[in-house]
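Chains as they are written, first to last, in this note's numbering: chain R, 1 to 497; chain P, 1001 to 1496; chain B, 2001 to 2116; chain A, 3001 to 3230.
If you are wondering where the hints come from, they were derived from the structure by calculation, not from laboratory data. Don't take every hint at face value.
As the list claims (entries may be wrong) - Result set (PhoX-like, lysine-lysine): computed pairs, CA atoms no more than 25 Å apart in a straight line:
(1) R:K168 <-> B:K2027
(2) B:K2113 <-> A:K3002
(3) B:K2032 <-> B:K2113
(4) A:K3002 <-> R:K168
(5) R:K168 <-> B:K2113
(6) B:K2027 <-> B:K2113
Claimed, not checked - Some residues of chain B that are not near chain R, with every Cβ distance over 12 Å (derived):
(7) L2061
(8) V2063
(9) G2065
(10) I2097
(11) Q2099
To be verified - Coverage of chain R stretches by chain B, computed from C-beta distances (three or more under 8 Å per stretch; other residues unrestricted):
(12) 5-17
(13) 363-371
(14) 408-418
Even for Gly, the Cβ is constructed at its ideal location relative to N, Cα and C.
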Amino acid sequence: MSVAWEQLLPWAVALPFVGAALTPVLAARSPRWTGPWAWGVVLATVAVTVGLVAHVAEAGAFTYAIGGWSGAYGIELRFDRFAAWVLPLSLLFAVIVPFSWRYVVVSLEPARWGAFYALLLLVMGGMIGFSITGDLFNLFVFMEVTSLSSYALVAVGGRGVAAWAALKYLFLGAVASLLALLGTALLFVLTGSLNLADVAARLGPDVARGPVLIAFAALVTSFLVKAAVFPLHVWLPDAHAIAPSPVSAVLSGLVVKTGIVGLVRVVQLFHAADAVPLAGFHLALAWLGAVSIVMGAFLAIFQDDLKLMLAYSTISNVGYIVLGFGLAAPYAAVGASVHVVNHALIKTTLFLAAGALIHQTGFRTLSDLRGVARAMPQTAAVMAIGAVSIVGLPPTAGFLCKWYIALGAFEADRAPFGFALVFGALFIFVYYIRMVNALYFQAPVHARVAEATEVPWSMRAPLLLLAASCLVLGLLGGAPLAFVEPAVAGVLPVGGP
Amino acid sequence: MGVVDPRPLLAPLISFACAGLVFAAGRNAFWRRFWSLSAAAVKLALVLSMLPGTLRGVVYTFDVVAFTPGIGIAFRADAYGMFFALVSSTLWTLTTIYAIGYMRGEPDRSRFFGFFALCVSTTVGVAFAENLLTFFLFYETLTICTYPLVVHAETPEALRAGRVYLTYTLIGGGFVLLGSVMAFDAAGTLTLAQPGILPADAGGATLATIFAALIVGFGVKAAIMPLHGWLPLAMVAPTPVSALLHAVAVVKVGAFGVTRVIYNVFGVELLQDLGFATPLAWLAAFTILAGSAIALTQDHLKRRLAYSTISQLSYIVLGAALLTPFAATAAILHVAHQAFAKITMFFVVGAIQRTTGKTRVSELAGIGARMPWSMAAFTIAALSFVGVPLFAGFVTKWYLSLGALQAGAGVFVGVMLVSSLLNAAYWFPIVHLAYFRRADGGDEGVHEAPPLLLVPILICAAYVLLLGLTTQVPGMPFSVAQVAVERAFAVPAVVP
Amino acid sequence: MAPFGVDLDYVAVAALFCIGLYMLVAKSNLLKKLLGLNVMETSVFAFIVTSGMVEGGDPPLLVAGAQPPFASPIPQAMVLTGIVVVVSVTAVALSLIVQIYAHYGTLEVDELKERP
Amino acid sequence: MKGWALALVVVVAATLAIGVQGLPTHDAPEAPIHDHVGARYVERGVEETGMRNLVGAVLLNYRGFDTMVEVVVIFTALAAVLALPRAGSVADAPEALPVSPVVLFVVRLLAPFIALFAIALLFRGHVSPGGGFQAGALFGALFVALGLVLGRRGAARLVPERARPWLQAAAPLTFAAVAALGWALTGSFLGFPQAPELHAVREAMALALEVAIAVGGGVILGSLFQTMEA
């Protein structure tokens, strides 16, 4: 029997939301079961998602009119290939949730378990909704679900520094959201519509340029803040470093990507409307990306705190993605899209492995963690694979992205960006090699590090699975490309490669 | 004639699987040795099984995955690749035996043997790479896999050497990537299966950038001066590593890359038009002489070997850069000749160090009497390097000189001669010390290296002899090199 | 309503936006910052909700006696949603501020920056 | 800091000043906002949704999905506050704060009227300004006021312990249930049946949503206040 997959699209969003709403109810009865419950919800959602993606791969993009109100008269979900490409990111929750079981049991009192898992589910639902909605205002509301739960997740760890980091994140995040709302409102006032496709169609040449430009700038700035592109990154390092490790993985790997998805959606809209000179914008984007790569790497070099280093590396990697889209060449856009997924995978791997090290030893700086590889060989190996991947050395997942983006730079006749990219990657390697050295080739300074034991299986299995994926995605990197190419074709002024 | 066959893929895969099994074996010495040795043997057999086909002109290919048209991972065992793969898998087998003896009692042996196998896996991968992307893939993996071997001792000195090594090689890797990307942008393909892919109309500046990027990138590993700085430092690694990696795998991969760039990316004809190869030839000539001159001043044995390596590698680069069939034959042949002779020397130096604790040239007085077999092997290798007729090194120099004349650059013949003199000047004193001086502490009688070290030494030395004496016998490296040269120049055999 | 060719509503909205922004950036007290954020948000809501007005229009309640033209219902629904969102954000921000105060004993950013 | 802030404000103000040039004049009936989607809602809203309050029609029917996510947002705020570290539990709180008799009297006097007004807003919402959110806000205010008077433990007794998590989740869950019902009846998620014989169902669905929003919103606002106090 064939399932009518298209009918299930809204449930990909509704399932995690309902699951989240029920988590505190369950927690009131038995907090112990909230973890498995959240995992079950994630798995059900993932099943729906994967089915939908497979369907799109086969049958192409489709729209779903909520409540039967099609077009601009209601809210439309639009499941195109780009959404189908980023949606499998929710798969990562299927490893992050079990990984966090142990963290939750050790670090949080049972009364908070339900809320913690509810927040994780809400982040996931918000992100899924964000990627599939076809409505500007709906985009904003979904973004708020994700952001709000992210702020709280940062603060879960403690009352002092964590709360302060979360509040900084909240202030900047709220301003960014407000800018998105302002842009939405302006576009609505100008066109009378909120549907992305409809707005694009109605932004004709007779619409005043000034407000359109402001709307564009507001939306783009908003998403650049969410994506933590330098110099709008200031909220990120503290928030991502101080959050509990599973949360850091979610934030760095996934939540930052909402900014990218939003950016792509905005560019799609304005490209279709042809209302803004996009060439200059693309160039600016490319510059921002290049600067992000270099500055993120530069700042990361000075960090001794493992997670802070990873946080800065996120800024670099977002730089790759932004640069890739900014180059506006088919290959570069393919590379950027691939990196959206790959970076999520790799950064999740790294943060979870870092979390495992911190969890077992109680130390979080490189100088304290020296020599931990002897005591925890598997976790350290995962960390090393993650490091090699994120630097973009073959044969790991990170390499292909670098290859494609560099190729795109030459294709677009912007060779300097190609040089910057290739050698920026070397810069990044400097701090990862410090990490590998510290973990593997230096003698332990703390007895607790030397005597640490491997993490329990509930944490180890996700780690090994993720590390294996980093390698496999690199070796079989071609398979997803068939998917991305048509996806980016819609993002670009030119056709696919 | 191309034949689809999985063997070019299987060859690197075997070492890869071996590495996994060795890591899994952990502290269990038996399984570690068992997997290392059997993988080495299986791989050697596999490569040898392709040899008859190669001599007939068969090319085995295997496509693994294509990302988009023109970009993918594919393997292809052509004559030159076969040549390189044969050398490395033969030497892997010998070095594994040697290393088992040498590393006795060292810590972290699983890590050592695991990464050792990975290095060989990637070397063979480079040899069989069908395109520049696959080449780069293995090239970079090799960098990563060598790093734990270089810093194996975990001393500050080793860590420093490791850092320098990575800095050099990764920047080199960056250049290779850059060159590959630009080459793809210009040519639309990266295949190494043709005599040149770059179109002549791609623009002089673009072609020059590509050439410079690729040559600098590969030149780092090939230790062309001034890109050689990492090699002497990396000698802190355990001797088997120095032997296999810094006489065979790492540096030869670089030299192999340079030749691939010249023959398969640019092609002889295009390079002759462009004239890019001439500066490279001069650089190589400079490296040959300067490397030898520095080697002369080194007292530390392994450092002297390192500078000698730098000098010898540039024979290959020079041979390739001369763009003539004879020189090409010399370049390809020297991959084998230098490898076997140099590894013999490294083995002997390691054996001396393990048996007597001596690491300097000045301490070697009378060593010939204590370790007669080892020193005999060393002498054979030294004679080969100097280029005494009937030894392997002579064949190289002969063809290289012929090639230089063919190219109308007789000055390089002079370089050959000076180099021979320098080689004699730094090898013969060692031989002299070993045989004609008495040890200060009085004669302690014969005290040879243990069999696990001695046997590989003798096999290698014997093979060096054989390479010189039976050059023309079918199945020896020369025949394979001929097939390879015919492909690159589209000319019939070049036997004078 | 449009002296000097500029709609006064827009001037008010822009002024509110800038006042809020200044509070958010310049004030050191966390609560004042939050208030500034709320002022900014209010300005955007004001912009949205006034955009739905129409000269002489009735509220969009189609009961007996109501006459067209009607104000557009969409901006009002949007603002309602927006207010709920902002309330939620404010609630979370206030909780965080409570936590910060409980831990550090201060609400001044200048002092917070000096503490580890 | 202040100098930078002023500079930023000036830049933003200048940008906005340029930006508003060319925006449609307020109050103009021919603005796009009135003639595209808005026009259809005015024209056919009552017939299509059965609600005379068009804001309600947009909120619950046309753009019901937004509202669903919106109640999830406020639920998120609750989960966020509940997930934060807490100093003490409700049980440790003092029985009642010292409250001035005036406040006590005023709150006690007004409480029933506030509740009544909230209920009126809720049930008159389809024909007059009002609806679930407005009622929920009032309920929330009522809980806050009572919490001030009764103390945390007293306020905690207002909502039964066992029912509380259900009530907090009421709005998202009801939305999901209504959406599923619509899915079953009309084939589209959150669809409201339009067939005349199903008008009663349609009204019931809308009413359920309004009540859930009011109750859930009110309880969450109260809980936020109670939890934050720690």
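To see whether the hints hold, each was checked on the structure:
Under the criterion of a C-alpha separation no larger than 25 Å, the hint pairing K168 of chain R with K2027 of chain B is consistent with the structure, at around 14 Å. A hinted pair counts as satisfied when its Cα atoms are at most 25 Å apart, and K2113 of chain B with K3002 of chain A qualifies at roughly 17 Å. For the suggested pair K2032 of chain B and K2113 of chain B, the alpha carbons sit about 17 Å apart, so the restraint of at most 25 Å is met. For the hint linking K3002 of chain A to K168 of chain R, the alpha-carbon distance of about 18 Å falls within 25 Å, and the restraint holds.
The hinted pair formed by K168 of chain R and K2113 of chain B meets the criterion: a straight-line CA distance of about 12 Å does not exceed 25 Å. Pair hint K2027 of chain B plus K2113 of chain B holds up; C-alpha atoms about 14 Å apart against a cutoff of 25 Å. The non-interface label for L2061 of chain B is consistent with chain R: the shortest C-beta to C-beta separation is roughly 20 Å, beyond 12 Å. With a minimum CB-CB distance of about 23 Å to chain R, V2063 of chain B clears the 12 Å threshold, and the non-interface call stands.
Every CB of chain R is more than 12 Å from the CB of G2065 of chain B (nearest about 27 Å), matching its label as outside the interface. The claim that I2097 of chain B is not at the interface with chain R is violated, since a C-beta of that chain comes within 12 Å of its own (minimum 7 Å). Annotated as non-interface, Q2099 of chain B brings its C-beta within 12 Å of a C-beta of chain R; the closest such distance is 4 Å. Proximity of the segment 5-17 of chain R to chain B, defined as three or more residues with a beta carbon under 8 Å from a beta carbon of that chain, is not established by the 0 residues found.
Residues of the segment 363-371 of chain R with a Cβ under 8 Å from some Cβ of chain B number 0, which does not satisfy the need for three, so the listed coverage is violated. A count of 0 residues in the segment 408-418 of chain R with a Cβ less than 8 Å from any Cβ of chain B is obtained; the coverage claim is therefore unmet, three being the minimum.
Hint check: violations occur at hints 10, 11, 12, 13, 14; the rest are consistent with the structure.
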